[in-house]
Every structure is written in C-alpha cells, then in structure tokens.
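Novice: Work out the full structure: start from the sequences and follow the hints.
Letter by letter, the chains look like this.
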Amino acid sequence: MRNIFLFIRRYRTILTFLILQGVALWFLFNYNRFHRAKFLGVANEMTGRINSQYNRVEDYFFLRLENQRLNRLNDSLLNLLPRNFASKDTTVQVVEDSVMSDTTGKYRRYISRPAVVVYNTVNAKKNYFQINRGANQGIKDNMAVISSDGSAAGIVVNVSANFSQVMSLLHIQNSVSASLKRSGDFGTAEWDGNDPRFLILKRIPKTTEVKKGDTVLTSSVSFNFPPGYMVGTISEINFDNANGMYLLKVKTSANFYNLQQVHVIENLDYNEQVKLNAETKVKIEQVKKSPR
Amino acid sequence: MSDFLRNILRLAAFILLQVYVLNKIPHLHRFITPYIYYLFILWLPFSVSRMWLLIIGFLTGLILDYFTMTPGLHAAACLLVAYVRPFVINILTPKDSSEFNYREPSPKAMQWTPYAVYVFILTLLHHGYMVFLEWLDVGSFLDFIIKVIATTGISLLLIFTAELLFPRRLKFRTNTA
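Protein chains in written order, with my numbering: chain F, 45 to 336; chain H, 1430 to 1606.
Please keep in mind that the hints were generated in silico from the structure rather than gathered at the bench.
Treat the hints with care, as some may be off.
Claimed, not checked - Straight line, CA to CA, 35 Å or less: simulated DSBU-like cross-link-like pairs of lysine-lysine:
| no. | chain 1 | residue 1 | chain 2 | residue 2 |
| --- | --- | --- | --- | --- |
| 1 | H | Lys1453 | F | Lys169 |
| 2 | F | Lys293 | F | Lys333 |
| 3 | F | Lys246 | F | Lys319 |
| 4 | F | Lys325 | F | Lys225 |
| 5 | F | Lys250 | F | Lys327 |
| 6 | F | Lys246 | F | Lys333 |
| 7 | F | Lys332 | F | Lys169 |
| 8 | F | Lys246 | F | Lys169 |
| 9 | F | Lys293 | H | Lys1453 |
| 10 | F | Lys250 | F | Lys319 |
| 11 | F | Lys332 | F | Lys319 |
| 12 | H | Lys1453 | F | Lys184 |
| 13 | F | Lys255 | F | Lys332 |
| 14 | F | Lys256 | H | Lys1453 |
| 15 | H | Lys1537 | F | Lys295 |
| 16 | F | Lys246 | H | Lys1537 |
| 17 | F | Lys332 | F | Lys295 |
| 18 | F | Lys319 | F | Lys225 |
Computed from a predicted model, the values in this text were never measured in an experiment.
Specialist: This is the structure we're talking about:
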C-alpha cells in the first residue's frame, strides 16, 4: 500500500497529465451523446450572454445587406395579403381566420418564430450557430431554421433556457431532404466539409433531366423543414459511377457568412410523424421474426 | 499589478481575441485558422508548478472549446503544450541560475534564438495534435500535413509580430519580493 502512495507521489505529474488527457478525449469523442448534459447547457448560457453582447456591435456592419433581404421578404409577403385580391362576386366575402383549424378542412402544420443569430462560424468542419431564443421561448430540438430571405439554414440540436445551438447546413453530419423544383425528385443535401458556398445533392437518379441553374427546394417529405423553401441552385453536374446517381453541386442560397435574422419553424406534427415512423420500424421487425 | 491578476486579464484578452477576431475573419484559405490564444500558456511565469501548469492548460483549452462548441479538442492540445513546456524550457535555458533571473519566458529572458525554438516546438505540438484529432474525424492525410504546416506558419508569424509590437516590461526575480 505504501509503495502505491509513493508511486503516485513520484509520478503525479504524468498521472495528472494522462487523466486530464483522457477527460479531454472523452469529451471530444462523446460529444454527440454528451451535448445534452447539464453543464454544457450552463456553458451555453454563459457563452450565449457574451456572444449576444458582441453581436450587438457586429450587427451594424451588416445592416445594409440585412435590410435589403428583409425588405425583399416583406415585399413578397405584402403581395400575399388578402387586400390585394378583390372578389368578383360581391355576394361572397372572404374571411381570414387565425384559429388553428377552420371549417374549410385546412389546419396549421407549421409555426414560425423569429430569432437573431448571436454566434456563427463557417470555417470548421462542423459548423454551429447560436440563436437568442431557447426553451423559455418555446424552441425545441429538431426545429428547422431558415434565413431571413427564406432559404434553409439549419436544424436546432441543443436548447438552453434562453439560447439554442443550431447545426448549420455546413456540418459534415448534416443531411437535409431536398427536391428538384423542375421534376420533383427527392434527394439528400449534404456537405462535404470543403467549400462553405456549396452543398452536395445526392440520390437523384440519372434518368432525371437536370440542368445547371435548376432550383433545389426543401422537400415535402422532411420532418423538420416545411416544403418549398429554397436550398440553392445547381452549379455543377457530376455523376457517381458507383450507383448511377447524380452528384450535384449546389450553390447555397442562404449566405452563411452573414446570417443574422432567422426564423425558427416548428412542425406541429413532428412528434406524431416520428412516433409513427419508429413504430413502423418495430412492427416490420416483428413481422420478419415471426413465421408467416 | 500582481502576477495572478495580470494573467487572468491576459487569458480573457487572448480568448476574446481568438473567438471574436481570429475565428471570425475571412480566412486566407479553408485550411488555415490562425491561432494565438495558447501564447497565454507559453507566457506563464517560470514559477508555476508543473501540476498547476497542467490544470491551467486544461482549463484554457476548455474555455475556448465552449465558445467553438468542440468540447475537448483545444483542451487536449493545450494540456499537451502545458505538459511539455517545462522540459523544453529546461533544455533551452542556461543552467547557471545567476545568469537567469527573469520571471517568465520572453525573447529578453531567453535570447531570441532559444525563445524562437521554444515557441516553434510548442506551436508545432499544439497544431499537430489538434489537427490530428480533427483528422481522426474527417479529412485526408494530405489535408492533415498541409493544415499543420500552414497553421503553424501563420501562428508563428502572429506570435512574433505580437512579441515585437508589445515588448513586455519584465520584472526581475528578486529575493526581497
């Protein structure tokens, strides 16, 4: 026993070094599971506060661009207002209603909340940005985030009380379901970690006609993103010879260098859809196991 | 100003500089992120014990990690730098303690050449280990080599510029203090 204490005493520096190194590597390689842990939430709250102070200064440098984008979006929304349309038949009046479901059989699937980006990087392989809305404002994991000009920007991955961490589209583990506007084919938009201006659209079969400049939208089969938001435009057409699919280089329409005002979009059916998906998998497995 | 207070301020300044200037500026190339924050560890006084050096190094890295959302990455690299630092200093400084009575590593205390070697070795270690950990996750070997060399080069440039622009007024170690 005494020898053990002597040993620890003699080699305590290298032991401390090895232990701390172990802790650091454990943090690093367990990050995906670890990021829900409590004290990263606390750190998130701290860095969030410092980041929002910094952001108050930084915002001034991008005001002009931001205003142009906001103005464009406002303009497109103004065009949708009911007062722009007159009914030819004066006996029928169109009534706009804001309740969750109405008698015409339509109901609300998506709700949007505005937020401001307080920290953002594009230089890493795994880029996250931080927004100034959190659990207190109703933000939950897996909500979609679109930029102020209406293009897909990322997905919420971690939430603290007043801030949330968003996995940007520029993240090598990111994959967003996207579709071609021209043909409606579904594919997956991913990032290869190289150039922050381009995403890669995979799994579009070669039989589809694709041209340079085609628009890529978020697809209607995504659980996170509402359909029809812009992802980007095709800038280069390549083939993946292994499986006969396209490898399309997509110029992102969101400018990740100066994200500022964003909208967080909640899919109100998200839980039900994911639950159904999971239950289906379980059911199929059971059918496979039991003899028919 | 006491050593303790001065080093706290230095840490805050280096971290803020790293997070809000160097990580934010449009980079020369996607491989090259300039790093300077670990200069804080290189500048710690000689009198800090090896144990404390490890703990301070680990915490410095961890603080930066929480800003960049990469828990453990910079902490591991800083810890390595903090562990190796005393060995490098031992090799590079004169053994005769009468010639050697400054408080912390600087070009003035160690002469330019040994100081440059000291900074170079630790910079290479820091970047080599950090990029290696990143590379385990994603990337190719050529990327890894280029990134280590380029990042080391640009960081050395930054450090020597800082060294020339802000010569530290160093106090002598005295028996009366």
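Novice: Does lysine 332/F pair with lysine 295/F here, judged by a C-alpha cut-off of 35 Å?
Specialist: 43 Å, violated
Novice: Run the distance test for lysine 1537/H versus lysine 295/F: straight-line Cα separation, threshold 35 Å.
Specialist: At roughly 52 Å apart (the allowed maximum being 35 Å), lysine 295/F and lysine 1537/H break the hint.
Novice: Against the 35 Å threshold, does the CA-CA distance of lysine 250/F and lysine 319/F hold or violate the hint?
Specialist: 33 Å, holds
Novice: Is it true that the CA of lysine 1453/H sits at most 35 Å from the CA of lysine 169/F?
Specialist: 15 Å, holds
Novice: Given the hint that lysine 325/F pairs with lysine 225/F, does the C-alpha gap stay at or below 35 Å?
Specialist: Satisfied, since the Cα-Cα distance of roughly 30 Å is no more than 35 Å.
Novice: With the threshold set at 35 Å, check whether the alpha-carbon distance from lysine 293/F to lysine 1453/H stays at or below it.
Specialist: Holds, because 26 Å separates the two Cα atoms, which is no more than 35 Å.
Novice: Does lysine 169/F lie within 35 Å of lysine 246/F when you go C-alpha to C-alpha?
Specialist: Measuring from Cα to Cα gives roughly 19 Å; hence the hint holds.
Novice: Quickly compare the C-alpha distance for lysine 250/F and lysine 327/F to 35 Å and report which way the hint goes.
Specialist: Distance ~33 Å between lysine 250/F and lysine 327/F Cα, so the pair holds.
Novice: Would you check the hint for lysine 1453/H and lysine 184/F, treating anything up to 35 Å between C-alpha atoms as holding?
Specialist: 28 Å, holds
Novice: Compare the distance between the alpha carbons of lysine 293/F and lysine 333/F with 35 Å, and conclude whether the hinted pair is satisfied.
Specialist: Status violated; Cα separation ~42 Å.
Novice: Has the given pair, lysine 246/F with lysine 319/F, been kept, meaning a C-alpha gap of at most 35 Å?
Specialist: This hinted pair holds, its Cα atoms lying about 26 Å apart.
Novice: Measure nothing beyond the straight line between the CA atoms of lysine 256/F and lysine 1453/H; if it is 35 Å or shorter, mark the hint as holding.
Specialist: Status holds; Cα separation ~32 Å.
Violated hints, listed in ascending order, are 2, 7, 13, 15, 16 and 17; each of the other numbered hints is respected by the structure.
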